[in-house]
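**Student:** Build the full structure now, drawing on both the sequences and the hints.
Taking the working numbering, the leading residue of the sequence shown gets 1, the next gets one more, and so forth.
No lab work stands behind these hints: they were computed from the structure. This one's a predicted model, so the numbers in the text were calculated from it and none came from an experiment.
Now the in silico label distances, taken between C-beta atoms and shown as ranges:
# : residue 1 : residue 2 : range
1 : I4        : Y116      : 13 to 23 Å
2 : G56       : T127      : 37 to 47 Å
3 : R84       : P46       : 31 to 41 Å
4 : G47       : T140      : 11 to 21 Å
5 : Y36       : H112      : 10 to 20 Å
All residues carry an ideal CB built from backbone N, CA and C; glycine is no exception.
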Amino acid sequence: MVPIFSAPTRNLDPVTLHEILRLRQDVFVVEQGAAYDDIDGRDLEPGTVQFWAGRGSVDATVRLLREPDGSERIGRVATARHARGQGLAGRLIEAAIGEARAARIHLGAQEHLEDYYGRFGFVRSGTPYSEDRIPHIPMTLTR
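**Tutor:** Structure representation (C-alpha cells):
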C-alpha cells in the first residue's frame, strides 16, 4: 500500500514541497489548462497542513486550510495521471477530514465530482460557479 504523509507546510523539506507544487501545476495548470494563482500564500498560513501519498515521489496531494470563521477547507486535491484509480485522493481526503478539528469543512468541487465528494459526507452548500472556465460547486461536510 502506498504510504500517506502529512505535515504543516512550514515543516516540509524543500524537495517534498517542490514535488507537491509541481504535481498541482501538472494537474491544474498544464492538464486542465487553468492558468491561476496556485501559489496563493495560503500554503504558508499557520495551521495549513499538506497531505501527500507516494513512494519516493508525490503521486497525490491535498491541503487542509483553517478559515478565519473557524471552519476548515480541503483543497488542491490532485493525483498524478499515472497514479489515478488507486484510491490515493480518497485516502488523503479521509486523512484531512480526520485531522480537521472544525465542525464544518468546506471545499470547492468541480461539478462533475459532486457524487465523489458526497461519498465522504460533503453536500452541495451553495450555487454553482465557474472557476477558470470549469464549473464548480461549493460543498460542506458538517459534523
